[in-house]
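J.: Listed below, chain by chain, are the residues.
Number of protein chains: 2
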Amino acid sequence: MEDLHPGVADPVMDTMNFLNEITLNYPEAISFAPGRPYEEFFDTEQIFTHLRRYLDYLAAQGRSAAEVRSAMFQYGPSAGLIRELIADSLRVDEGIDVPAESIVVTVGCQEAMFLALRALMAGPEDVLLVSSPCYVGITGAARLLDAEVVAVKEREDGLSCADLEVTVLAERKRGRRPRALYVVPDHSNPSGVTMPLRTRHQLLELAERLDLLILEDSPYRLVSPGAQVPTLKSLDRRRRVIHLGSFAKSLFPGARVGYAVADQTVLRADGTTGLLADELAKIKSMITVNTSPLSQAAVAGALLASDGHVCESNAELAAHYGDSMQAALRGLDREFPAARRSRLGVSWNAPSGGFFLTLQVAFRADDDALSRSAKEFGVIWTPMSYFHPDGGGDHTIRLSTSYLAHVEVEEGLRRLADFIESEVVAAQPHG
Amino acid sequence: MEDLHPGVADPVMDTMNFLNEITLNYPEAISFAPGRPYEEFFDTEQIFTHLRRYLDYLAAQGRSAAEVRSAMFQYGPSAGLIRELIADSLRVDEGIDVPAESIVVTVGCQEAMFLALRALMAGPEDVLLVSSPCYVGITGAARLLDAEVVAVKEREDGLSCADLEVTVLAERKRGRRPRALYVVPDHSNPSGVTMPLRTRHQLLELAERLDLLILEDSPYRLVSPGAQVPTLKSLDRRRRVIHLGSFAKSLFPGARVGYAVADQTVLRADGTTGLLADELAKIKSMITVNTSPLSQAAVAGALLASDGHVCESNAELAAHYGDSMQAALRGLDREFPAARRSRLGVSWNAPSGGFFLTLQVAFRADDDALSRSAKEFGVIWTPMSYFHPDGGGDHTIRLSTSYLAHVEVEEGLRRLADFIESEVVAAQPHG
Numbered sequence: 001m002e003d004l005h006p007g008v009a010d011p012v013m014d015t016m017n018f019l020n021e022i023t024l025n026y027p028e029a030i031s032f033a034p035g036r037p038y039e040e041f042f043d044t045e046q047i048f049t050h051l052r053r054y055l056d057y058l059a060a061q062g063r064s065a066a067e068v069r070s071a072m073f074q075y076g077p078s079a080g081l082i083r084e085l086i087a088d089s090l091r092v093d094e095g096i097d098v099p100a101e102s103i104v105v106t107v108g109c110q111e112a113m114f115l116a117l118r119a120l121m122a123g124p125e126d127v128l129l130v131s132s133p134c135y136v137g138i139t140g141a142a143r144l145l146d147a148e149v150v151a152v153k154e155r156e157d158g159l160s161c162a163d164l165e166v167t168v169l170a171e172r173k174r175g176r177r178p179r180a181l182y183v184v185p186d187h188s189n190p191s192g193v194t195m196p197l198r199t200r201h202q203l204l205e206l207a208e209r210l211d212l213l214i215l216e217d218s219p220y221r222l223v224s225p226g227a228q229v230p231t232l233k234s235l236d237r238r239r240r241v242i243h244l245g246s247f248a249k250s251l252f253p254g255a256r257v258g259y260a261v262a263d264q265t266v267l268r269a270d271g272t273t274g275l276l277a278d279e280l281a282k283i284k285s286m287i288t289v290n291t292s293p294l295s296q297a298a299v300a301g302a303l304l305a306s307d308g309h310v311c312e313s314n315a316e317l318a319a320h321y322g323d324s325m326q327a328a329l330r331g332l333d334r335e336f337p338a339a340r341r342s343r344l345g346v347s348w349n350a351p352s353g354g355f356f357l358t359l360q361v362a363f364r365a366d367d368d369a370l371s372r373s374a375k376e377f378g379v380i381w382t383p384m385s386y387f388h389p390d391g392g393g394d395h396t397i398r399l400s401t402s403y404l405a406h407v408e409v410e411e412g413l414r415r416l417a418d419f420i421e422s423e424v425v426a427a428q429p430h431g
Numbered sequence: 001m002e003d004l005h006p007g008v009a010d011p012v013m014d015t016m017n018f019l020n021e022i023t024l025n026y027p028e029a030i031s032f033a034p035g036r037p038y039e040e041f042f043d044t045e046q047i048f049t050h051l052r053r054y055l056d057y058l059a060a061q062g063r064s065a066a067e068v069r070s071a072m073f074q075y076g077p078s079a080g081l082i083r084e085l086i087a088d089s090l091r092v093d094e095g096i097d098v099p100a101e102s103i104v105v106t107v108g109c110q111e112a113m114f115l116a117l118r119a120l121m122a123g124p125e126d127v128l129l130v131s132s133p134c135y136v137g138i139t140g141a142a143r144l145l146d147a148e149v150v151a152v153k154e155r156e157d158g159l160s161c162a163d164l165e166v167t168v169l170a171e172r173k174r175g176r177r178p179r180a181l182y183v184v185p186d187h188s189n190p191s192g193v194t195m196p197l198r199t200r201h202q203l204l205e206l207a208e209r210l211d212l213l214i215l216e217d218s219p220y221r222l223v224s225p226g227a228q229v230p231t232l233k234s235l236d237r238r239r240r241v242i243h244l245g246s247f248a249k250s251l252f253p254g255a256r257v258g259y260a261v262a263d264q265t266v267l268r269a270d271g272t273t274g275l276l277a278d279e280l281a282k283i284k285s286m287i288t289v290n291t292s293p294l295s296q297a298a299v300a301g302a303l304l305a306s307d308g309h310v311c312e313s314n315a316e317l318a319a320h321y322g323d324s325m326q327a328a329l330r331g332l333d334r335e336f337p338a339a340r341r342s343r344l345g346v347s348w349n350a351p352s353g354g355f356f357l358t359l360q361v362a363f364r365a366d367d368d369a370l371s372r373s374a375k376e377f378g379v380i381w382t383p384m385s386y387f388h389p390d391g392g393g394d395h396t397i398r399l400s401t402s403y404l405a406h407v408e409v410e411e412g413l414r415r416l417a418d419f420i421e422s423e424v425v426a427a428q429p430h431g
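Read top to bottom, the protein sequences are chains A and B. Everything in the first sequence is counted per the numbering used here, starting at 1 for the first residue and increasing by one. Everything in the second sequence is counted per the numbering used here, starting at 1 for the first residue and increasing by one.
Across the chosen pairs, the derived CB separations fall in these ranges: (1) B/Ser371 / A/Asp56: 37 to 43 Å; (2) A/Glu67 / B/Ala315: 25 to 31 Å; (3) A/Arg330 / B/Gly62: 35 to 41 Å.
Read the hints as simulated data drawn from the structure, not as lab findings. Ideal Cβ placement from N, Cα and C applies to all residues, glycine included.
Same shape as in the complex, but just chain A (with noise of 0.2 Å):
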């Protein structure tokens, strides 16, 4: 009998467990946990297409058959074959402007967050400060990576500049170093919150006058309709930002790319100075060496095939998010009129985009709450407090809406409207 490093040991990925069981339990219950693409967008096909483009590019560029099998076939630079492509698109979609080398690709932007955590975190006094609900890959790899992980709260408009330096001020005082904060300012996993321009702002400000890095780990602009707010990053104007980026949600989720831009200067152990992402792509050297160049090359395909504006090309996949989410709120408003709503004290926000909205609740909304929703009403959901690393989130529910048919939307709250009734009648005192 082996034992294990106490890493491992992922109180989240129980919860997971947990939740996958309760799926696999009540296959025909609808479903508002997983936050998986839509998929009558994908076609099995493209993925030829996708290579095909790509090899052909490759020609155009002046390379020979040689060149092309050699840079599908063998290892290639830990740093990626696709930064070229990758910084192009940076530089049209989001107004984000990095010379290539300051981008390493990697297998999924949770590469990208183990690396930078790998990098960052130097000793044993550094902590990672996160907005809190938190998306729980960043939590995850600081466990792993036996990183302490420290949690501002999100208010209802998501992070406040003042609680962060709060909470900077207070960690020094005990003498740790935050590092770096991780959020997610774009419709944001698991709460739906947008962080306002003046915050971004104000974000910024605050990083360079406290000395801390941003990890903005942006996922759902691409899926998310209209006009998004201005990255972090394309408003850094003092390298206080690395910007984590996916395909996964957009492109083409199979094939496990990302990447992190991260032209921050870094001082190595012996005292030389060099790009941080260099520093990266040798992390990442020893633990996957390189990213598949079969899969860049996919993601490389769907990049040409829309000639570098991804937010054009995906425009029908934002909308289609977009209609969900729309339809998931007007369901909300026609389940909850005011008087109910009032009653069964619930609420909700309003995400103007991505796949994630916050339900406020009146009771426990917790395993045993989820196993009678499921049981009982069949509907699924995931709660909020699985989210929040040092507790919170106990009357919070989390709905994805990314998922299902617009139809399934309207009808999984029918359920939901039922079961939140039962919860809270079974909770008044008997008359």
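Please build the complex by placing chain B on the supplied structure of chain A, with the hints as guidance.
T.: Relative to the frame of chain A, chain B by itself:
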């Protein structure tokens, strides 16, 4: 200026960078350095046929078009999509008979190593033993995880169980727990040595007696001609061996697909027990989430092409590598006939397969010597000292024969002989 985690400063990486620079600066030199696969057996169009074959296979298995699309485009299970196919291939090719559930598909073998170390190195007293000289991927992964590495020096015929036992007992005496031994039993990287069958049996017996796990890395079996000595895993009756596999040397390097066979029972932090493979998959979910389904599909297509018998379909490739090694050994015999061999103090081993062989010389085979060799003689090799985590190998050279055509091997050895002559002459006292 940002400081970095000390594990990022990798001395091996720095030496490798030196080697890369030498290679860039002397593009006309013949290089015995890279352990890259020979490219002539790959063909870019294979990518399309492999993928199509796997998609057809899924359809033939009764999967609907929507299910196939979902398998390719969505996130998949962290443990992998193609575990059954890998289990079949292990049974047919290697006599390793394990349930598919004990396999985790990884981003190359490197990720499999990283996952195993993260799971097993449970506390600060745990140490990883390595057979030294040692593949740099494992020491790099250990450094990133702050895991201590203790080297057991290889003898001419490889690892000695007596040496291993002495090391284990010495480590225990100083309060350490030797947790696992990493070894490449077949045509090792870097030494080229193969562990005899008798030693394999002894090692398994010793692992059981000393309560030690064995990380068996096996990338060079499929690229070596003729019958191979049985893997440790196929001889393992006590679940002492975690077998690490790779398709990166054989079927498709650019797919970046490897795997771990981990059928051990583990004790979790909460007191429950489980399968080590499941724990590795959990860790993976926090590092790369899952291995690209696209990459897995390409490898699966290649596996299906060989009807499960990778060994057989790979025979031509293995024969080529075997011929390269034989060409190198003949070339060494020709360049260094007995008298010259003795005068120059040169000797080498004679691997029957794999990519690497070891050459002993009478001078310091360090970076300075490498520079002279590249600049003045147009031949590049790897100092064996790069592969010794705790010193050694100063008079030893690693020669890789995998990437070169046979004529290049011959010309390269002529140059190498001239270089060695020059070094020995320079070292002699002036008469």
